[in-house]
Amino acid sequence: MGMLLRECKIEVIRIFRNPYFIFWSLLMPIIFYVIFTKVVNTGMENQALWNAIFLMSIAAFSVMGSAIMTLGIRMVQEKSEGWTTLLRVTPLPASSYFIAKMIGQSAVHVFSIIIIFFAGFLINGVTMPFGEWLLCGLWILLGSAPFLAMGLLVGTMKKVDTASGVSNIFYLLLAITGGLWMPMEILPKLIQTIGMWLPAFHYGNGAWAIVQGESPELKNVLILGMYLILFMILSIYIRRKQEVV
Amino acid sequence: MQPVVQIENLTKEFKGKRAVDDVSFTVQRGEIVAILGPNGAGKSTTMLMMLGLLKPTAGIAKLFQEEPQSRAVHERIGVMLQQVSLMDALKVKELLALFQAYYPKPLSLETLVKLTGMTNGELDKRTEKLSGGQKRRVGFALALAGDPDLLFFDEPTVGMDSTARKQFWLTVKELAEQGKTILFSTHYLQEADDIATRIILFNEGKVIADGSPIEIKRNLLRQSISFKLNETIEKAYLMNMKDVLAVVEDKGRLKLMTENPDSVLRKLFELDLRLEDIAIEKGRLEDAFEQLTVEQEVS
Numbered sequence: 001m002g003m004l005l006r007e008c009k010i011e012v013i014r015i016f017r018n019p020y021f022i023f024w025s026l027l028m029p030i031i032f033y034v035i036f037t038k039v040v041n042t043g044m045e046n047q048a049l050w051n052a053i054f055l056m057s058i059a060a061f062s063v064m065g066s067a068i069m070t071l072g073i074r075m076v077q078e079k080s081e082g083w084t085t086l087l088r089v090t091p092l093p094a095s096s097y098f099i100a101k102m103i104g105q106s107a108v109h110v111f112s113i114i115i116i117f118f119a120g121f122l123i124n125g126v127t128m129p130f131g132e133w134l135l136c137g138l139w140i141l142l143g144s145a146p147f148l149a150m151g152l153l154v155g156t157m158k159k160v161d162t163a164s165g166v167s168n169i170f171y172l173l174l175a176i177t178g179g180l181w182m183p184m185e186i187l188p189k190l191i192q193t194i195g196m197w198l199p200a201f202h203y204g205n206g207a208w209a210i211v212q213g214e215s216p217e218l219k220n221v222l223i224l225g226m227y228l229i230l231f232m233i234l235s236i237y238i239r240r241k242q243e244v245v
Numbered sequence: 001m002q003p004v005v006q007i008e009n010l011t012k013e014f015k016g017k018r019a020v021d022d023v024s025f026t027v028q029r030g031e032i033v034a035i036l037g038p039n040g041a042g043k044s045t046t047m048l049m050m051l052g053l054l055k056p057t058a059g060i061a062k063l064f065q066e067e068p069q070s071r072a073v074h075e076r077i078g079v080m081l082q083q084v085s086l087m088d089a090l091k092v093k094e095l096l097a098l099f100q101a102y103y104p105k106p107l108s109l110e111t112l113v114k115l116t117g118m119t120n121g122e123l124d125k126r127t128e129k130l131s132g133g134q135k136r137r138v139g140f141a142l143a144l145a146g147d148p149d150l151l152f153f154d155e156p157t158v159g160m161d162s163t164a165r166k167q168f169w170l171t172v173k174e175l176a177e178q179g180k181t182i183l184f185s186t187h188y189l190q191e192a193d194d195i196a197t198r199i200i201l202f203n204e205g206k207v208i209a210d211g212s213p214i215e216i217k218r219n220l221l222r223q224s225i226s227f228k229l230n231e232t233i234e235k236a237y238l239m240n241m242k243d244v245l246a247v248v249e250d251k252g253r254l255k256l257m258t259e260n261p262d263s264v265l266r267k268l269f270e271l272d273l274r275l276e277d278i279a280i281e282k283g284r285l286e287d288a289f290e291q292l293t294v295e296q297e298v299s
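So the sequence lines, in the order shown, correspond to chains A and B. With our numbering applied, the first sequence corresponds to residues 1 to 245, in that order. With our numbering applied, the second sequence corresponds to residues 1 to 299, in that order.
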């Protein structure tokens, strides 16, 4: 247990020391937030509600990205540089490596969520009952599980370049089709239909519901859970196949 | 005594090509074994199979009479692989502390610093800011972190300057004196000769010689002079000639084994014997040896 805890701590330290993380996971989403709530006139009837909803979109966007990319690309990098091989001859159990990566990443997500929520408060004076803040934060944190699993899947790739290219494309496509950049309603019908079956929309939708005083739909939980299982099985299957050499 | 390393009929095929071909040997506690051979001789592949990182096509590899993948084995071994970059965004001392925590009885930081010759300045540096040689040294410290009984080094001195090399081998000798068993691969004959108590010579996936450096060198240098002789001569007489190690009779030819064919030839001519069809053959290890020396000149 002590070993795992130390491993998590190390992962957290390493993520924070990575300047790309700060830029892509914190700065970019906040800049986005300013642009779409302050600069561009979105013509929303209820500006205060839009500010809160879009804050959730942007927090989900940030966490989703760091789950897929930071986790996945880092794993590919460690594998291609031989570090993972060296770990295999140490007493560190292989599972600890993966678990520590996911827990460490989640700990960093807590930090990202707090910063982004706070930015929303400072920039647009977004307020809501403490319970709702907390629920939103928890939803975004726990709902990121399928994206962490997707990160593990990206982590099975052989080259850093491929991994970062592929994960970037998937990340942006998911974010757009999931309504994290602009509301689902203004997207073309076809994309809406496809987006309804992808995980990003359901991830955002849970938090949007909480902001409006409702609770996430069962469908949101089910679809996220389904993708979690799918990505886990895929990444375990691929990893098994790769190990037998 | 139970062997520390036990390898039986180990074979590895890659796409039908045999990289390691039916290799067997055992290593006892306290030995410093050099796995010597030219590039592509199967040294690394053998080492990876010993460590359980590569699955053998056939044969077994055991460490401390156990499967190399077991945790009990992992707690007793230290490994330095070829071309491993270190985990980035960490200071050297943080990385060392992390590794120390993996083992039940780790060496202290002071001991690690003393053994590897790292400086305090290096300990506070981030791993990505280290030079190639410094990285190797940290890799060495990581291998020693758990106070292992058995150490594996795959081409350890590649990328080290001469001072670092010297320090490295000095420490290795010290570790061996403490009763640790050491296995390293190299393509430098000189290194194997200076450090190892035993050399296992690989060529084209096979073990072609296994013995102390003195025995190996004697084998490498041994040559033979063979000829047909149209008169009878006492074998004992040839045997007693200076520089002749052995005399063999084979299909009507006499074969003299020697480390100094020039002087033996001169003697034979002085005797005015009716020699015919003279041939000088190099030892069977010579091919491997030549490849080794060529590579040394290049690097």
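Derived by calculation from the structure, the hints in this document are not laboratory data. Beta carbons: idealized from backbone N, C-alpha and C, even for Gly. Check before you lean on any hint, since a few could be wrong.
[To be verified] Here are some chain A residues pointing at chain B (derived, C-beta under 7 Å): (1) Ile10; (2) Gly82; (3) Trp83; (4) Thr90; (5) Ile115.
[To be verified] Straight-line Cα separation of at most 25 Å, DSS-like style, residue types lysine-lysine; simulated pairs: (6) A:Lys9 - B:Lys135; (7) B:Lys267 - A:Lys79; (8) B:Lys129 - B:Lys105; (9) B:Lys251 - B:Lys217; (10) B:Lys17 - A:Lys158; (11) A:Lys9 - B:Lys125; (12) B:Lys135 - A:Lys159; (13) B:Lys62 - A:Lys241; (14) A:Lys241 - B:Lys15; (15) B:Lys105 - A:Lys9; (16) B:Lys267 - B:Lys228; (17) B:Lys173 - B:Lys217; (18) B:Lys91 - A:Lys9; (19) B:Lys135 - A:Lys79; (20) A:Lys79 - B:Lys129; (21) B:Lys125 - A:Lys79; (22) B:Lys93 - A:Lys79; (23) A:Lys9 - B:Lys93; (24) A:Lys241 - B:Lys217; (25) B:Lys129 - A:Lys159.
[Said to hold, decoys possible] Have a look at the derived ranges for each label pair, beta carbon to beta carbon: (26) A:Ile229 - B:Gln167: 48 to 54 Å; (27) B:Thr111 - A:Gly225: 47 to 53 Å; (28) B:Leu221 - A:Tyr237: 53 to 59 Å; (29) B:Arg29 - A:Ile99: 54 to 60 Å; (30) B:Ala246 - A:Ser95: 21 to 27 Å.
Consistency of the hints with the structure:
| no. | hint | verdict |
| --- | --- | --- |
| 1 | Ile10 | holds (6 Å) |
| 2 | Gly82 | holds (4 Å) |
| 3 | Trp83 | holds (6 Å) |
| 4 | Thr90 | holds (5 Å) |
| 5 | Ile115 | violated (20 Å) |
| 6 | A:Lys9 - B:Lys135 | holds (23 Å) |
| 7 | B:Lys267 - A:Lys79 | violated (63 Å) |
| 8 | B:Lys129 - B:Lys105 | violated (29 Å) |
| 9 | B:Lys251 - B:Lys217 | violated (29 Å) |
| 10 | B:Lys17 - A:Lys158 | holds (24 Å) |
| 11 | A:Lys9 - B:Lys125 | holds (19 Å) |
| 12 | B:Lys135 - A:Lys159 | holds (22 Å) |
| 13 | B:Lys62 - A:Lys241 | holds (24 Å) |
| 14 | A:Lys241 - B:Lys15 | holds (17 Å) |
| 15 | B:Lys105 - A:Lys9 | holds (22 Å) |
| 16 | B:Lys267 - B:Lys228 | holds (16 Å) |
| 17 | B:Lys173 - B:Lys217 | holds (21 Å) |
| 18 | B:Lys91 - A:Lys9 | holds (14 Å) |
| 19 | B:Lys135 - A:Lys79 | holds (17 Å) |
| 20 | A:Lys79 - B:Lys129 | holds (20 Å) |
| 21 | B:Lys125 - A:Lys79 | holds (23 Å) |
| 22 | B:Lys93 - A:Lys79 | holds (22 Å) |
| 23 | A:Lys9 - B:Lys93 | holds (15 Å) |
| 24 | A:Lys241 - B:Lys217 | violated (45 Å) |
| 25 | B:Lys129 - A:Lys159 | holds (23 Å) |
| 26 | A:Ile229 - B:Gln167: 48 to 54 Å | holds (53 Å) |
| 27 | B:Thr111 - A:Gly225: 47 to 53 Å | holds (50 Å) |
| 28 | B:Leu221 - A:Tyr237: 53 to 59 Å | holds (55 Å) |
| 29 | B:Arg29 - A:Ile99: 54 to 60 Å | violated (36 Å) |
| 30 | B:Ala246 - A:Ser95: 21 to 27 Å | violated (60 Å) |
Hints 5, 7, 8, 9, 24, 29 and 30 from the earlier list are contradicted by this structure; the remaining hints agree with it.
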